[in-house]
Amino acid sequence: MTQPFRIPAAGRLDPQKVVRFTFDGKSYTGLEGDTLASALLAHGVHLVGRSFKYHRPRGILSAGAEEPNALVGIRRDEARRTPNVRATVQELYDGLTAVSQNRWPSLAFDVGAASSLAAPLLSAGFYYKTFMWPKAAWERLYEPAIRRAAGLGVAPHRPDPDRYSNRFAHCDVLIIGGGVAGLSAALAASDAGARVILADEQAVPGGTLRFEAGAVIDGMPGWEWALAAAAELRSRPNVRLLNRTTGFGYYAQNMLGLVERLTDHLATPVPDAPRERLWQVRAKRVVLATGAIERHMVFPDNDRPGIMLASAARAYLNHFGVAVGSRIAVYTAEDSAYAAAIDLRKRGVEVPAIIDLRQDPRGPHVEEARSLGIEVLAGCMVVATEGWLRLRRVCIASGEGWRRDIEADALLTCSGWTPAVHLFSQSRGRLAFDPETQRFLPGQYAQDAASVGACNGTTGLAPTVAEALKAGADAAREAGAGAGGARNIDAHSGDAWSAGFLGDAPAAGRMAFVDFQNDVTAKDIRQAVREGMRSIEHVKRFTTTGMATDQGKTSNPHGLAIAARMLGKPIPEVGLTTFRPPYTPVTFGALAGHSRGKLFEPTRRTPIHPWAESQGAVFEDVGQWKRAWYFPRSGEDMHAAVARECRTVREAAGIFDASTLGKIEVVGPDAARFLDLIYTNSWAKLGVGRCRYGIMLREDGFIYDDGVVGRLAEDRFHVTTTTGGAARVLHHMEDYLQTEFPELKVWPTSVTEQWAVIAVQGPRSRDIIAPLVEGVDISDTAMPHMSVREGRVCGVPARLFRVSFTGERGFEINVPADYGRAVWEAVWAEGQKHGACAYGTEAMHVLRAEKGFIIVGQDTDGTVTPGDAGLSWAVAKNKPDFVGIRGLRRPDLVGSGRKQLVGLKTTDRRKVLEEGAQIVADPNQPVPMKMLGHVTSSYWSENCGHSIALALVQDGRERDGERLFVPMPDGAVEVEVTATVFFDELGERLHG
Amino acid sequence: MLLIYCPYCEEERPELEFRHAGEAHIARPANIAEISDEEFERYFFIRSNPKGITFERWRHVHGCGRFFNAARDTVSDRFLATYKAGEPKPDLSGKGAKT
Amino acid sequence: MAEIARREPALEGRACQGQGISLSPAAPASRLSLRAPEASLAGLSQALSLDLPRRPKSSATKGPRAALWLGPDEWLVIDEEEADLAAICAAVPALHSAVDISHRNVGILVSGARAEEVLNSGCPQDLSSRAFPVGAASRTVFGKAEIVLWRTGEEAFRVECWRSFSDYVFSFLEAAARETS
Ligand SMILES: [Zn+2]
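Residue numbers (my numbering), protein chains in the order written: chain A, 12 to 1003; chain B, 294 to 392; chain C, 568 to 748.
The set of hints was computed from the structure by calculation and includes no laboratory data. Just so you know, not all the hints are guaranteed correct.
What the hints assert, rightly or not - Cross-link-like lysine-lysine pairs, in silico, PhoX-like; alpha carbons within 20 Å at most:
1) A:K28 / A:K295
2) A:K916 / A:K696
3) C:K711 / A:K609
4) A:K916 / A:K862
5) C:K711 / A:K637
6) A:K609 / A:K696
Stated by the list, open to error - To give an idea of the chain B side of the interface with chain C (calculated C-beta under 7 Å), a few residues:
7) F311
8) N324
9) A326
10) D330
11) F333
12) E334
13) F337
14) G356
15) G358
16) R359
17) L373
The beta carbon of each residue, even a glycine, is placed where N, CA and C say it ideally should be.
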């Protein structure tokens, strides 16, 4: 298939390297190195999308990342459908499938375009004003309808199958932008031996040298110099050149976010290559060489397909070898657009006229244009354009009043160049307005950075190169690298630049677009000012100008100038909207990086986990841990499995994986003194080999954590914490040791993962472990409840605890983690002989609730004191100090009316309350009812034969025997307040 | 992501290794059990939360594990100084801090 | 007498070889978390037959044994021949805390020309040999896990993490190692 607008002699692509692609189902060809936009233009296709609000036909405006219009969907397969891809940056690959967006049923005939006829109704602020009332209608009616009509692209319905990667990097000098300025700075900085990273968003660096036909650098055509410079940089070990990499965010202390695109340009992505890689670069010095962005002219109907930026047409011609039309007019208020007309004319394209808003444009470029037979219409303006799906005619008026129509299928516009100060501004640098050139330029720097070239307002090739070389060398020196040789680069170019023009060009008309992507016109901005918006931040929010995904790269200065003119204020007084990351859209994939699926966050498993898995255990998440929840046998549901596990523990024995329990070894001569300060209990008199249940408070007097502490030696304690509390308790201990009690000679060390913990609980527990234990007398007399011994279990070193969280005789075997599974299996084998079962966390919860043992974080919530929880016995009465001692004496904590932990029994013994349910005295009182408290734990107790619950109830202990109510949607549940112990009230089973 | 100079590691390290730990220079009263309600309120609940220079505790929790103090400007988010626990507030004159 | 239980190390059987990168679990080793004040270092160093390093981010190695500076009063001592480090320190009368953490930690060996960049996929520190030379050791983070990182050679690192985080750390390293471009 021929490409009618490809000019064989122009451009740098190889005509032999043909690539096939489709757009909206139609097949096309392009050349290797094309963007989707350049390939479509080679076929004369300008119409690529519909606008967001009015559904107006839109073409390709630019040749770069600033593109507001040419957004398409790219589809590789069902899961890989990327919406809102800028056709101007999407590199072509063989088999690429692109579809237009925001149109129905087709791009050429779009029903939604009717809203264009209703445009007067859709003026600025329309959404805010119209859809305010009634409130419910917003959710049900307006929002869905607006979303359907206004959607930008379609997201895929399947999970993203691609991989994304992350890299932290450090360097001396980071350079953003690989145009002539960035390349020069990188050469100078790396000459000096600095570690340099150069990031450029294009496939090949070179920046505007892609289209600046007249540039000559070091005796070479500019583009060839750029290729040579990139090759030289790539060969240096101290330089990392990142192609297809956008610097999207500039954060504190010279940290920049870059996103590198690795596979979006490939026909067949390499299987192991990530699609994108996020670079988090910390640089000693940053050189911003981000260039400038050309602005369009704002005039009536300036959005028709075929109307584009002059530099874009030049890039399509000089780099891609594509003429963007066959009869191309130019509308400008700036010198650089002349070069586009001249280049096109020289390639044989008809250029009927250059319409120059300025009264008296002068210079060699004007002469050259005239000498090529191009009519220069000075002091003229475009008052209208015609053509629905493609530009047909440009209507011109002169200052003197004559009018004229010019037939043209393309119109190139330029009102000047906006320095790309986005990253500078993100770095918290202060922008300064230059009234002479009407530009915001980098003013005061907040970080160690420099701007060079067009983003710094420097025009002309030679000054740019000189500035960049100096900045590169300076940055290297400031970063501590040596001094490089004084590099000189000879550069000159015939291109002319001038200040340009801001705001809308003088001409009447409605549809003079400032922001193409959000369909904001000059009239909308005036209306915003008329309705009272004074700051550009308000104008922006009222009109949505600059708020689309392109963030107003081509439009913001226009909007600002129009508002300023209306307000009669200088531009800086109206303000500048804040530049925020990202500079261009960044995928969620890039930000997530490796953190998805299995790597989303660590999943912690105990050494015994594989055994539980092989037994068909159901697991629950406890923080990052996976814990065996219950072990269903065939035909059992959760209820049946838990009931059986609870019964078996009390009738025979149960084996439980308690490895996740937090464990801290507290060692040092002051260990007991330290525990005296950290816990409410007293530790000095605890004998070696004995254990004690301890409560830890915060200074405010509320329970922070609890657990059993065993004394292994005079100066060594084995402290246990809750599973979830392990890390914060260690942090808490270190905090007090380092900052409040530094004189204490003691250190805490986490040993949570050193030990696998196998709890064996139940009347047969001692019989089960007896054959496995060596060197420890485990008889009741030698090893009573709450004691600890060191010995061997299954031949490996063990810490054996006689403790119980079930109320039964119980042991906890601690063995080094790598032996955990083998020892568990040995215990299991012995357990089988005694009718024991494995039990999970649910049975553990029920069994401890039957005994009224609290779980910190479930029965307490950070507002519960030991007294509230019925644990006053664990608070030493005569210690001079412990953490929380003063907090506990606060008037609110000792007064009446505290919520106290009590037991609840339902009148209907089978009814299991809901945890979290509220408790009231009278269920028939009017709403809002007076809440007395809430249920903290609630279970069916197979061993008691009725449901059991723990609850925090106001003055609960005084209400023993009282009837209260738990209001639920299907009626109030009657409960009786009881003590917290439901089973074996005398605690005889611990020893029997 | 900030870089924070750890006075114990003697170099700047990424913020990801640190944890903020509240306002600095609030000593736990030695006779805490005896202090009045008002004194306890001041010690435990009242914090200065200034706009400008703030003194705060950090812990190099995923590094050397040490708690240390920092002077930070809450307007610019810049660290003006970090120093070891127990050391007095540093002299910040000439640090260009705004209060 | 009970049979001696079989040891089942975490990451048993895991390995990853890629272009310029090799990942493997380290062999079981004995490990000590050692805490001590300055005054005790001479006695402890003598008992351990190596000079406990006093400089941040550094280590000392002698034969199969190494001591990594983790904090001003904290060292990670590793003995690849599984010497009973706790017993060695127990004989030292000087003030200290020695806690056996041989099973708490898992070692992962990361080596090859790409070792630095593979580690930088999750570790935010500057790992260039200028900032993190051979012998450098530091507690830090890797993704969402805490690790101790120790550079044992120009292109060789040892990662130590807690046992239950080892699957996450190893899998993350594998994902980064798989990247070929
Ligand atoms: Zn540190």
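To see whether the hints hold, each was checked on the structure:
{"no.": "1", "hint": "A:K28 / A:K295", "result": "violated, 43 Å"}
{"no.": "2", "hint": "A:K916 / A:K696", "result": "violated, 39 Å"}
{"no.": "3", "hint": "C:K711 / A:K609", "result": "holds, 12 Å"}
{"no.": "4", "hint": "A:K916 / A:K862", "result": "holds, 14 Å"}
{"no.": "5", "hint": "C:K711 / A:K637", "result": "holds, 17 Å"}
{"no.": "6", "hint": "A:K609 / A:K696", "result": "violated, 48 Å"}
{"no.": "7", "hint": "F311", "result": "violated, 10 Å"}
{"no.": "8", "hint": "N324", "result": "violated, 28 Å"}
{"no.": "9", "hint": "A326", "result": "violated, 29 Å"}
{"no.": "10", "hint": "D330", "result": "violated, 38 Å"}
{"no.": "11", "hint": "F333", "result": "violated, 32 Å"}
{"no.": "12", "hint": "E334", "result": "violated, 35 Å"}
{"no.": "13", "hint": "F337", "result": "violated, 28 Å"}
{"no.": "14", "hint": "G356", "result": "holds, 5 Å"}
{"no.": "15", "hint": "G358", "result": "holds, 5 Å"}
{"no.": "16", "hint": "R359", "result": "holds, 6 Å"}
{"no.": "17", "hint": "L373", "result": "violated, 22 Å"}
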